[in-house]
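Listed below, chain by chain, are the residues.
Number of protein chains: 2
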Amino acid sequence: MALKKKPVTGMRDILPGEMQVRDFVMDQIKETYRSFGFTQMETPCVEHIENLTSKQGGDNEKLIFRILKRGEKLDLENAAGENDLVDTGLRYDLTVPLARYFSNNAAQLPTPFKALQMGSVWRADRPQRGRFRQFTQCDIDILGDASSMAEIELILATTTALGRICPDNRFEVRINDRNILRGMALYSGFAEDTLETVFIILDKMDKIGCDGVAAELLDNGYDETAVSRYMELLTGIDTDAGGVRRLGETLAEVMPRTVTDGLADIMDTVTQVSETDFVLKFDPTLVRGMSYYTGTIFEVSMEGLGVSVAGGGRYDKMIGKFTGVDTPACGFSIGFERIVTILMEQGGKAQDQTVKKAYLVEKGMDRDRFAGIMKQAMSERKAGVCVLVSQMNKNKKFQKEQLTKDGYTEFVEFYREALK
Amino acid sequence: MALKKKPVTGMRDILPGEMQVRDFVMDQIKETYRSFGFTQMETPCVEHIENLTSKQGGDNEKLIFRILKRGEKLDLENAAGENDLVDTGLRYDLTVPLARYFSNNAAQLPTPFKALQMGSVWRADRPQRGRFRQFTQCDIDILGDASSMAEIELILATTTALGRICPDNRFEVRINDRNILRGMALYSGFAEDTLETVFIILDKMDKIGCDGVAAELLDNGYDETAVSRYMELLTGIDTDAGGVRRLGETLAEVMPRTVTDGLADIMDTVTQVSETDFVLKFDPTLVRGMSYYTGTIFEVSMEGLGVSVAGGGRYDKMIGKFTGVDTPACGFSIGFERIVTILMEQGGKAQDQTVKKAYLVEKGMDRDRFAGIMKQAMSERKAGVCVLVSQMNKNKKFQKEQLTKDGYTEFVEFYREALK
Numbered sequence: 005m006a007l008k009k010k011p012v013t014g015m016r017d018i019l020p021g022e023m024q025v026r027d028f029v030m031d032q033i034k035e036t037y038r039s040f041g042f043t044q045m046e047t048p049c050v051e052h053i054e055n056l057t058s059k060q061g062g063d064n065e066k067l068i069f070r071i072l073k074r075g076e077k078l079d080l081e082n083a084a085g086e087n088d089l090v091d092t093g094l095r096y097d098l099t100v101p102l103a104r105y106f107s108n109n110a111a112q113l114p115t116p117f118k119a120l121q122m123g124s125v126w127r128a129d130r131p132q133r134g135r136f137r138q139f140t141q142c143d144i145d146i147l148g149d150a151s152s153m154a155e156i157e158l159i160l161a162t163t164t165a166l167g168r169i170c171p172d173n174r175f176e177v178r179i180n181d182r183n184i185l186r187g188m189a190l191y192s193g194f195a196e197d198t199l200e201t202v203f204i205i206l207d208k209m210d211k212i213g214c215d216g217v218a219a220e221l222l223d224n225g226y227d228e229t230a231v232s233r234y235m236e237l238l239t240g241i242d243t244d245a246g247g248v249r250r251l252g253e254t255l256a257e258v259m260p261r262t263v264t265d266g267l268a269d270i271m272d273t274v275t276q277v278s279e280t281d282f283v284l285k286f287d288p289t290l291v292r293g294m295s296y297y298t299g300t301i302f303e304v305s306m307e308g309l310g311v312s313v314a315g316g317g318r319y320d321k322m323i324g325k326f327t328g329v330d331t332p333a334c335g336f337s338i339g340f341e342r343i344v345t346i347l348m349e350q351g352g353k354a355q356d357q358t359v360k361k362a363y364l365v366e367k368g369m370d371r372d373r374f375a376g377i378m379k380q381a382m383s384e385r386k387a388g389v390c391v392l393v394s395q396m397n398k399n400k401k402f403q404k405e406q407l408t409k410d411g412y413t414e415f416v417e418f419y420r421e422a423l424k
Numbered sequence: 005m006a007l008k009k010k011p012v013t014g015m016r017d018i019l020p021g022e023m024q025v026r027d028f029v030m031d032q033i034k035e036t037y038r039s040f041g042f043t044q045m046e047t048p049c050v051e052h053i054e055n056l057t058s059k060q061g062g063d064n065e066k067l068i069f070r071i072l073k074r075g076e077k078l079d080l081e082n083a084a085g086e087n088d089l090v091d092t093g094l095r096y097d098l099t100v101p102l103a104r105y106f107s108n109n110a111a112q113l114p115t116p117f118k119a120l121q122m123g124s125v126w127r128a129d130r131p132q133r134g135r136f137r138q139f140t141q142c143d144i145d146i147l148g149d150a151s152s153m154a155e156i157e158l159i160l161a162t163t164t165a166l167g168r169i170c171p172d173n174r175f176e177v178r179i180n181d182r183n184i185l186r187g188m189a190l191y192s193g194f195a196e197d198t199l200e201t202v203f204i205i206l207d208k209m210d211k212i213g214c215d216g217v218a219a220e221l222l223d224n225g226y227d228e229t230a231v232s233r234y235m236e237l238l239t240g241i242d243t244d245a246g247g248v249r250r251l252g253e254t255l256a257e258v259m260p261r262t263v264t265d266g267l268a269d270i271m272d273t274v275t276q277v278s279e280t281d282f283v284l285k286f287d288p289t290l291v292r293g294m295s296y297y298t299g300t301i302f303e304v305s306m307e308g309l310g311v312s313v314a315g316g317g318r319y320d321k322m323i324g325k326f327t328g329v330d331t332p333a334c335g336f337s338i339g340f341e342r343i344v345t346i347l348m349e350q351g352g353k354a355q356d357q358t359v360k361k362a363y364l365v366e367k368g369m370d371r372d373r374f375a376g377i378m379k380q381a382m383s384e385r386k387a388g389v390c391v392l393v394s395q396m397n398k399n400k401k402f403q404k405e406q407l408t409k410d411g412y413t414e415f416v417e418f419y420r421e422a423l424k
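Order-wise, the sequence lines are chains A and B.
Letter by letter, the first sequence follows residues 5 to 424 of the numbering used here.
Letter by letter, the second sequence follows residues 5 to 424 of the numbering used here.
Because the hints were derived from the structure by calculation, they are not lab data.
Treat each hint with caution, since some may be false.
Repeated chains share a single entry, so a pair holds when one copy, or any two copies, can fit it.
[What the hints assert, rightly or not] Straight line, CA to CA, 25 Å or less: simulated SDA-like cross-link-like pairs of lysine to any residue:
hint: 1; residue 1: Lys-10; residue 2: Gln-141
hint: 2; residue 1: Lys-386; residue 2: Asp-31
hint: 3; residue 1: Lys-73; residue 2: Gly-85
hint: 4; residue 1: Lys-59; residue 2: Val-125
hint: 5; residue 1: Lys-208; residue 2: Ala-219
Let the sequences and hints guide you as you build the complete structure.
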């Protein structure tokens, strides 16, 4: 068979220039989260197919890369369908493996466990610009803390990291709570068992606007009074902590005040403590698709770019599916690939400050002198300089131009004998 | 289906303690190699099955995790065998993907290209202690440099990195050349077309010793005179650069002197330039299994541990299989997992020097005071301290013991009111 030069469909080779930016982003994330007491951990990229298809992953479960069973386990003749051929697959996110990891290793982990994960995930999405079938996720999760300290730390840590990575971009953190979402819908008069659909429609707010959402709710046969009451409620809210507390008064009949007060407290504390400049606001239309969220949800977007660069929330019921005992859990995921794209579009400024020096050595250099040149390179490297030792090409001008493109700013030329 | 807690067979969860050691090793490798002008790059973990089964990988090709085709491409009914079901697989090393990457991106890469890769690879080996089905490889390769500068830089860079990672271990670099291997066998009287088998037997030297190798050669029907001449030659060599040059004189009839002189020059230069303390010696019995090597080969082992921790060599014919044009190539692979194991066994000393401080906050703290505590944490974090903010447990003593295990050495306790 002929060898193929291109990467597999939908995946890509990462060139050195982008690699530098990726590395910078990773380092900032790691350093920041570590300073908040998060500890790094890792799960295998390959996961049991049972865990990947346990309905935690929503639509992502349709996009799994399945791995063929091996050896005697593979019985092609008697296989009735795909499921008989596979027992594992590539993970589509880091949350399902984290839940498995925690259930497997809880005895050896601190309580609460503040986890930091950075790793590749795979989804067989239709290939399109900016979307790839292998991409990196950066997640932080706090397992075993039911208090709002978890939310506060997650928001502070993530905004601190983003502020370091993109100091020139202002961003906005929107926050909501699944219970408030529910309270507002119930208060408006929607029936309990129709709420899922209401939220699916509400989730389109940023695309079709208020009128669009109202129209679609009516199209779906919802009661006109409920819809207009809902729209009035949604649009009449102040998005600061005070607004959340007042909303709690309004919803007092359908929801305990502790929910809104708790969210307002989180907002007040984050605003008071944060050293990064960002906008924090309550967004009653924030839904976030993943069905596993049970409480607070949040999303971060970059001003002027309109894209979400991070998101997360509380999911208190997932770990229990593995362990049998519910464990409070709250997480934040940074959209690593989006941030890299933003930095690359801004010119990939985020490079390290190391001096890059190239030694160009004429061919045929005497061995002893060559060793001396290498010794010099070693001692410069020890002092923190990046030194590339390279043979001098005939077209020295072109060679230096190329090296300049690769970030080399100093050149030292070594000749066999003195230039005439 | 029930969810599974354990990782997939042969793969493993990495706990925070080991993760710190892994991270330390990665950082040292990255920093060292970068100072030598290597640039990081990445290929997808998923590779075309054609590339993975092109006979570059020897026995590793039997251990591939194959990925099921997706969508319309998967035609289960008409599939005659495994090959009809898969079009990709997980990479079993980083060298084959590097060759593909180089052939795909050469126009955008510097010449020579000094590549650094760190990533996971997968092999469905029989699970056993210390061997896993997913593991990390760290490779450096220089593509496009036919001169011995490549070998010199690779050995200097790798020994510098190892010296930083394991300052308490002395190591030994053994070096040979496939052409010398060939020359010695021809000189002894083995027929050209039987050399592969001779080398397979010679490769067992560290396990069965000189006598064992001689016996096995005789068992395989090789001529007694050739075997005894070979043994004499192998055992009579001085392992320094001088010895290599003298060997060149002996082999003058079957091999050009440039081969031995070249190797001796590499040895002299490395010895003269290196700032790391290690033993460098010529090993005429070093074979290294991979059939793709074409010239110099090298291997590093730790003194007293007897395990190889790095190895590599020149493979000038592989890139041409992708591009049609041969490109000189030389690489070194650090046995990342072995080094992590060694460090873990030595107590995982290689940890960062950050001060780790835990704030224990009594429950029910007034919100304003809590915000003040968090502000204090933020400013300590900014100053480089790792601060974990945690609720104070009832059993404070146990909580502090656990935190001490996780590396926390300072505790600050915050109470709602003054202790009586």
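Now for the hints, and whether the structure bears them out:
Taking the shortest Cα distances, Lys-10 and Gln-141 sit within 25 Å of each other both inside one copy (24 Å) and across copies (22 Å). With identical chains, the CA atoms of Lys-386 and Asp-31 are at most 25 Å apart both within one copy (22 Å) and between copies (15 Å). In the homo-oligomer, the alpha carbons of Lys-73 and Gly-85 lie at most 25 Å apart both inside one protomer (13 Å) and across protomers (13 Å), since each shortest distance falls under that limit. Proximity of Lys-59 and Val-125 under a CA criterion of 25 Å is satisfied intra-copy only: 17 Å inside one chain copy versus 28 Å between copies.
Taking CA atoms no more than 25 Å apart as the test, Lys-208 paired with Ala-219 passes inside one copy only; the shortest distance there is 12 Å, against 78 Å between copies.
Every hint from the earlier list agrees with this structure, and none is contradicted.
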